Amino acid sequence: MKKLILLLTVSLMLVLSMVGCAKPADDEPEKVTLKVFMTFPRFQDQFEAYFEQFKAKMLAEKNIDVTIDLEMPTSDQAMQILKTRLSTNDAPDVFTLHAIADIPDFYEAGYLSDLSGEPFVGELLENVKDIVTYDGKVVALPLESLAWGYLYNKDIFAKYDLDAPQTITEMLNVVKVLKENGETPFLLAFQESWIPQLMTALAIGGVVTSENPDFVDKMNAGEASYEEIAKIFDIIDIIMANGTDKPFEVGNAAASADFAAGKAAMWVQGTWQAQAILDINPNINIGAAPLPVSDNINGTLINLSVSTSLAVSPTSKNKEVALALVNYVLDKQASSALFEELKFNPVAKFHTYETFPWSDEAMSYVALGRGYRDLSLPGAVTGEQAKLLQSYYAKTVTKAEFIQTIDEVWANSLGQ
Amino acid sequence: MKKSNRNLTLFILPALLFYAIFTLAPAFGGIWYSFTNWNGLNPNYELIGFRNFEMLLKDKNFINSIWFTVKFVGIMVVLQNVIALGLAVLIETRLKTKTLFRTLVFMPNMISMIIGGFMWMFIFTRALPMIAKMLNMAALDISWIGDPTFSFIAIIIVSLWGGVGYLMIIYMAALQGVAKNLKEAAMIDGANAWQVFKNITIPSIMPAITIGVFVTLNNSFKVFDVVYSLTGGGPGRSTQVIAMNIFEEAYSLNNRFGYASAKSLILFIIILVITLIQLSIMRKREIH
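Read top to bottom, the protein sequences are chains A and B. Mapping of the first sequence onto my numbering: residues 6 to 421, in sequence order. Mapping of the second sequence onto my numbering: residues -8 to 279, in sequence order.
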């Protein structure tokens, strides 16, 4: 027993003396620890490897020995954890958040640094930069950017000599041809309410951008009603009337398997799901096209959006290094390889790697000017739309009730 | 006397401490937040008095979820206790297979209801339609999850499956404690089985029934996991229970933490009042 105590004391003294010796001499690297919080557990290896490169670079160029404390919770818990950290003054130096859903709240609460002056800003693609700009300032670095419409099975379309429909009349024709040949036009997966919500996202985006551009502002001013864009139900009704059976029993994973098996020709689902479908059936040819909302082709648009973005906490004690890290994520030399490996869409001008066919197809519409910036609806409205669409399909809510409820929810969300 | 009291207090102190820190303190915190407009994120928030509670009165979804929950509780309290008592009596009369049946019925109680919900999801959405096809029974091939009426039945079935075993154990223990001499005396006096059950057994197990009703009332009001894993409150909000409505308010729609806390406070008061009434009524009927 005595020996053990002696041993412990000696080892403790040794450790202490080592710490004492570790005072930085002039050429000793400065030690910095960064806390990084990211919601990408599926990309942990890639980011860890990338951060190793960053550490090496910092050590070589600035003589700073960076330790990165990387935390990657799953995305369904991430928000709660992050919010707890932020509100208890334990903010990570660098963290991810959703550009459209989270930036307003986080910015108002003072949890985001202004990054407008950072080198990466000049390299961002214009349409991407818009989305991470709030109150005239760039407040986050976009990581995952999206260009999406609905997915369609190119093999089925080719079999009946069909093209992606550009107007609602063409859509009706496609539906007719498919049905005549015994195919189901649309895959419906309503178990998770965010999937039907994609229909409203695209339909509202198309109608508002082409016919009622200041609709969101008017709604925020309390001067408009969903009555003005009731047209969105034209396409929603077509989809619901020509879809697969029992949609409430189909979740995202089951729907991906169904789509991969060719059970339906189209699925209102973003391009982010294409890889999962391809994993199930590597031979399927997936296309992405804009959803027609009327006979006005200018309303048939691709949604441009940014989801996960990287922000720097204003309370960071090592802000210089944190900013260096954020800039390194969009480094001219290194970042293309990272973005390509993660299968993210290009966000900077120098990103010229090869992308997926469905991304190319979606971007080809954007090149023609047929893209729109994801609308910034209040979170409560988006959530309510998701629920109401389920009820609308189950026929427990009518179109008029749908419109009335959304108007109320939007009005309530302003009062906060 | 005093010393033993102090000793007893010392014994429960560790448990009490954890209870106070992790249950009582957050509960009081919740009461405080219910008078604010905190959004769960912003460090600045204001006291807004009773405005959250005023809003509650006009919140259609919350009121609907209360009615749905009340309906659920009513059916659960009756069915769960009747079935549990029935099973207890039945299994108690088995001699050789008693342990087997007791284990089988109790088993679902040992797995998390989230997992149970997903298992039943599979049964409702995949297995039943298959069976329906094989046996040509169109009645089984309905949209168990997608149709509001049937999804309510589905939730009841799964909750009963998960909850009956626990109550049955309570009732079995109580049945074993019923005085044999009373029963025998009654039978000698010419009472039939039903009369013995009604006039001897039921009064003797009244304390167990009090507990059974108390437990089902409490748990059914707070039900969350079954509904969450089975229907997610859907389609739309047609099967949304109070706990889910609160969860949705706080975490998924508006992030109105203050408002959600006010809703939880209401749920707490509802449960408190109902269980107090229930306890006072049922205690009177117990034989001491």
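Hints in this document: simulated from the structure, not taken from any laboratory. Hints are supplied without guarantee of correctness; some may be wrong.
[Claimed, not checked] Here are a few chain A residues that face chain B, going by a calculated C-beta distance under 7 Å:
#1 Lys251
#2 Phe253
#3 Glu254
#4 Gly256
#5 Asn257
#6 Lys392
#7 Gln395
#8 Ser396
[Unchecked claim] Below are the DSBU-like pairs computed for lysine-lysine, each with C-alpha atoms no more than 30 Å apart in a straight line:
#9 A:Lys159 / A:Lys62
#10 A:Lys251 / B:Lys189
#11 B:Lys124 / A:Lys404
The model shown is predicted, which means the values in this text are computed figures rather than measured ones. Built from N, CA and C at the ideal position, the CB exists for glycine as well.
A quick look at each hint next to the structure:
| no. | hint | verdict |
| --- | --- | --- |
| 1 | Lys251 | holds, 5 Å |
| 2 | Phe253 | holds, 3 Å |
| 3 | Glu254 | holds, 4 Å |
| 4 | Gly256 | violated, 9 Å |
| 5 | Asn257 | violated, 13 Å |
| 6 | Lys392 | holds, 5 Å |
| 7 | Gln395 | holds, 4 Å |
| 8 | Ser396 | holds, 3 Å |
| 9 | A:Lys159 / A:Lys62 | violated, 45 Å |
| 10 | A:Lys251 / B:Lys189 | violated, 47 Å |
| 11 | B:Lys124 / A:Lys404 | violated, 35 Å |
In this structure, the hints that do not hold are numbers 4, 5, 9, 10, 11, in rising order.
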